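Student: Sequence:
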Amino acid sequence: MSGNNVHIVVTGARENNLKGITLRVPHGRLTVVTGVSGSGKSSIVFDTLAVESQRQLNEVFPAFIRNRLPRHERPKFDFIENLTPAIIVDQKPVGGGSRSTVGTMTEVNPILRVLFSRYGAPSAGPSHLYSFNDPQGMCPTCEGLGNKLQLDLDRLLDKEKSLNEGAIRHPSFAVGTNYWKRYAQISRYDPRKDIDHVGEPVFDADKPVGRYTDAEMHLLLYGEGFQTRRPDDLGKVAINDYEGLVHRFTRRYIKPGLESLNARDRKAVEDLVSERPCPECHGARLNGAALATKIGEHDIADYCAMEISDLIGVLEGVTGVAATAVVPAALAALRRIESVGLGYLSLARPTRTVSGGEGQRLKTVRHLGSALTGMTYVFDEPSVGLHARDVDRLNGLLAALRDKGNTVLIVEHDRDVIAIADHVVDVGPGAGTHGGDIVFEGTVEQLAASDTETGRRYRKVLDVKGGYREPTGALPLRGADLHNLKNVSVDVPTGVLTAVTGVAGSGKSTLISGVFAVEHPEAIVLDQSAIGISPRSTPATYTNVWDMVRRLLAQEHGVDAGLFSFNSKGGCPECQGRGTITMDLAFMDPVTTVCEVCEGRRYRDEVLRYKLDGKNVVEILALTVEEALEYFSNPTILQRLAPLHEVGLGYLTLGRPLSMLSGGERQRIKLAHRLHEQGSVYVFDEPTTGLHMADIDTLLALLDRLVDSGNSVIVVEHDLDVIKHADWIIDLGPDAGEQGGEIVFAGTPTEMARTCDSHTAEYLRRSLPDGSPAAHR
1 MSGNNVHIVV
11 TGARENNLKG
21 ITLRVPHGRL
31 TVVTGVSGSG
41 KSSIVFDTLA
51 VESQRQLNEV
61 FPAFIRNRLP
71 RHERPKFDFI
81 ENLTPAIIVD
91 QKPVGGGSRS
101 TVGTMTEVNP
111 ILRVLFSRYG
121 APSAGPSHLY
131 SFNDPQGMCP
141 TCEGLGNKLQ
151 LDLDRLLDKE
161 KSLNEGAIRH
171 PSFAVGTNYW
181 KRYAQISRYD
191 PRKDIDHVGE
201 PVFDADKPVG
211 RYTDAEMHLL
221 LYGEGFQTRR
231 PDDLGKVAIN
241 DYEGLVHRFT
251 RRYIKPGLES
261 LNARDRKAVE
271 DLVSERPCPE
281 CHGARLNGAA
291 LATKIGEHDI
301 ADYCAMEISD
311 LIGVLEGVTG
321 VAATAVVPAA
331 LAALRRIESV
341 GLGYLSLARP
351 TRTVSGGEGQ
361 RLKTVRHLGS
371 ALTGMTYVFD
381 EPSVGLHARD
391 VDRLNGLLAA
401 LRDKGNTVLI
411 VEHDRDVIAI
421 ADHVVDVGPG
431 AGTHGGDIVF
441 EGTVEQLAAS
451 DTETGRRYRK
461 VLDVKGGYRE
471 PTGALPLRGA
481 DLHNLKNVSV
491 DVPTGVLTAV
501 TGVAGSGKST
511 LISGVFAVEH
521 PEAIVLDQSA
531 IGISPRSTPA
541 TYTNVWDMVR
551 RLLAQEHGVD
561 AGLFSFNSKG
571 GCPECQGRGT
581 ITMDLAFMDP
591 VTTVCEVCEG
601 RRYRDEVLRY
611 KLDGKNVVEI
621 LALTVEEALE
631 YFSNPTILQR
641 LAPLHEVGLG
651 YLTLGRPLSM
661 LSGGERQRIK
671 LAHRLHEQGS
681 VYVFDEPTTG
691 LHMADIDTLL
701 ALLDRLVDSG
711 NSVIVVEHDL
721 DVIKHADWII
731 DLGPDAGEQG
741 GEIVFAGTPT
751 EMARTCDSHT
761 AEYLRRSLPD
771 GSPAAHR
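In terms of UniProt numbering, the sequence shown is residues 1 to 777.
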């Protein structure tokens, strides 16, 4: 299957904007699919090839199992040949709950548990007794979490207020809510009496809780063991077992862990609790028996708390039978992690705290340890969040996966990843309706000689810009020591474009997002968080334009504005405003069809007779941003839409679901959403994420406009084209983790290239064109 003449062939692909294209992916080779953001790369690679591979693989299982697997609709294509099982390594954050760590994710922890159970002394027993995820191994006090959330009663209760005045400071217990009624409107219920019998109220709901007696306060907070009677939301009587406020709050919000809560609840709970190391295990997560076992002077928690590079050295010193039986497996896994520049992490590091770039490499490393061959590994921009030095390491991993006999398929923009491809597919020529075709297939050398947008930009090597702007002042940071920062002091210049650089884990985001943004709350910060979309979100709703359009239509015709919302009164009753209907066929693949009633328009027919300047609501949603800027005259609407055009999204229709946008398009729509805000300091955390080299030119022009308008712009960035374009660079390092956290350079790109010895400077010099004066030291 790995011969040169055998390909995965997708014929007639029509997902999203694809125009019936045919894709050929050579088996056993490394193929990079590139093209401008929104051109259709993900539609062909992920929405077609990867989905069909998983769909067909699921069909080999019995119906009982299939009914419990994720179900995929058949993508729109004619046929696929020579398909192999696909493993998808996407850009989704590693995430995981409070119990997920680098050690559990990379499966090094299970190896260490075997090591300590067999060769440690005194042994606690089988390996699972060293797991903080097992009830027999975890610390009983913190249940294996390492920390205890402590409810602060002074924050929870406003003792100046009564229950009826909102004494409980949490939105779920606000006046009128179900939880509030369980305290403010209850009386004791005696099951021997009629349900309609109303006894004495348990609490005086008009009395400030600060004037409760000790017994009343204890009952409110910790009471239990009796039943209560209260009115429910329908005006009937509800009988409940009484649960004190502290017990209910702990059970509902603390025990599940903060990461299990939605954003609103998590924020509300964080305001009322404090997190402290567990008083029994002191953060080790394990019980006393597990922690009593030692190899040399270290217990298993010591191993997990070390930086991986240090742990490798410790394990290399382990002798005896363990050194030939278990230690080699642990060392092999740890060295793979170190080989991609993550030796500064510890196995105890919670996965929810790793950066996007760190997560990408951890996911890739996990697959390197697999014995599977003949697979297709599909990567979604694996270079995201990586310094140029780490991209070199990533390329080694990708090549190693290929050399094990696998097909590696990568959606990517980074020129250094494109450079290692055996085969390149370029999708375009433009984005949205202007894309959806394959405009090039061939080698990297042939791409560099081609006339596609990618080919032209790939062979164009930029120099540092020179002609730097002069700072108008400075924003000082003094004594920053958050996380790995080592008492950092630096002046961030104003009135210029500043790039904050350094390898992943060096402290860039900590310095800017964690310290600078807190000390300068007036700054407008655009970070790497998701844009918080739903399948009903569109460019029009996300930019708050649609509410204004609906009001204009309502005013024009004297009707309710809700009539023009497909989420409300105007939505088609058959599909509830979705435009499509998905039929769940039990263990068979779900089938999605266009709604026959509204024909995909999402609205009731009667809504379409109302028009604004000759167009009904469906026709307005079908306008591209470019067309909408010509169609509307309302200055506020134009002000909100203009940034979409500025960031290169003029081709998007107002009604396109945001869930269908590419990563680069989502990044830019988030940027456009914030551009209308008034501010003088802008902070961007890796704004090039998901952007093609040509799209980066558009981004740089936008950043220049912001600076030239009198703003200060700070970008945390790895992209060398952005670094070359900056007026000032603040470089952190010299390395990552404990070896980072210092300012190693501050100055212009030219000065960096000529005088600096940092990793960033080295790769900056390598990226300069031959003959550049800045490249010579």
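Derived by calculation from the structure, the hints in this document are not laboratory data.
Among the hints, a few may not be true.
Derived DSS-like pairs (lysine-lysine); straight-line CA-CA distance at most 27 Å [said to hold, decoys possible]:
{"no.": "1", "residue 1": "K159", "residue 2": "K92"}
{"no.": "2", "residue 1": "K92", "residue 2": "K267"}
{"no.": "3", "residue 1": "K161", "residue 2": "K207"}
{"no.": "4", "residue 1": "K255", "residue 2": "K159"}
Since we're looking at a predicted model, the values are computed, not measured.
Student: If a hint holds in the structure, say so; if it does not, say that too.
Tutor: So, going through the hints one by one against the coordinates:
At most 27 Å may separate the alpha-carbon atoms for a hinted pair to count; K159 and K92 exceed this at roughly 44 Å. About 22 Å separates the Cα atoms of K92 and K267, which keeps this hinted pair within 27 Å; it holds. This hinted pair checks out: K161 and K207 have alpha carbons roughly 8 Å apart, not beyond 27 Å. Among the hinted pairs, K255 with K159 is consistent with the structure: their alpha-carbon atoms are about 26 Å apart, no more than 27 Å.
In terms of the numbered hints stated before, the structure departs from hint 1 and from no other.
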